[in-house]
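Q: This is what each chain is made of:
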Amino acid sequence: MTARPALSYQGHYAGPVSRLASFVIDLVVSAGAFCVALAAISYGTQVITGNLVSWNRSSGVVAGIFAAWELAYFGCSWAASGRTAGMAVFGILVVRTDGSALQPRRAAVRALAFPFSFLFCCLGFLGILVQREHRALHDLAAGSAVIYAWGTPGVVTVRTDVAHDG
Amino acid sequence: MTAERRPFPILAVVNPKVPPPSARRRAANPAEALAQQVTERVVDLVVGALDVNELAARVDVNAILGRLDIDAMLRKIDLNSLLGQVDVNAILGQVDVNGLAQRIDVAGLAEQADLGAIIAESSGGVAREVLDAVRCQAARLDEVIDRWVGLLLRRKRPAPPALLPAGADS
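Each protein sequence line maps, in turn, to chains H and C. Quick note: the first sequence, position 143, residue 158 per the numbering used here, numbers continuous. Quick note: the second sequence, position 23, residue 54 per the numbering used here, numbers continuous.
In short, the hints are calculated from the structure, not lab data. Warning: the hint list may mix true and false statements.
The calculated label-pair distances, taken between Cβ atoms and stated as ranges, are [claimed, not checked]:
1) H:Ala-87 <-> C:Gly-139: 48 to 56 Å
2) C:Ser-154 <-> H:Gly-65: 41 to 49 Å
3) C:Glu-142 <-> H:Ala-100: 31 to 39 Å
4) C:Leu-172 <-> H:Ala-55: 34 to 42 Å
For each residue, glycine too, the CB sits at the ideal point set by N, CA and C.
Working from the sequences, and respecting the hints, build out all of it.
A: Written out as structure tokens, the structure is:
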């Protein structure tokens, strides 16, 4: 069995392994950045006020800030470039179902719908396995799809000739 | 002891076995010497009067070289034999490698070579290749899982085409 060349994957719908691996990287990166930010805030507060600030993992405030941070991390990344850090590592890209670039509004919808995919034992992710275009619940909600897009710049270019409804 | 006495003293000077030189030969010897002296003198005068630069300027070197069959000449030369006669070790033994190395301006060379850019380019290329290999591996696993799921679900239709075909610039 001969291996497919990298170019032949470009533009095809990305499967579960690439997407899960990129999500794990994103989780590590975003959680790491969050911890660094908390540590920096603690250090700054201690320097300025002299009081030691400690963060409790079970605190609802911290959980809320973390959720907002994750939402911002994924939403802003998808809106800005169609990919997060982990997706960039694995060369996958979020686009609209017609192949055009994801708009910020759809990126926000995708980010808001993303947590719902984890409900009921990650039932929302089942679509990545069984759906022919590997679209999860948040993809269906936002009208998006995830494709392979790496290699030589310009090999896969997001379509710009598609008219959008706004 | 008595001194040897020759019956004919002239035989000490003349060899009777050798025929005497002819009259022409006897006249020619002084003439030859004179002619040689005259020729040498003439040659000296001619060489002194010649303008070698002007002569060289008149020579059409290209025409001469055009007549030469250099390929044929080179074919006749046995380069292997020539090279076999060269004692490379002896030549290298005479070379002061340390002295040569000390004369090389390594810092200047490194400055001109922009080693930083070379290292960055090579390491970037290696990183890109590793990243591409990882991406391909993940994509292959995706493909395998997709095939299994297709078998489980008994899909008959082929996989959907690429959303954006490779090479599309629209």
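Q: Would you list, in rising numerical order, the hints stated earlier that this structure does not obey?
A: Those not satisfied: there are none.
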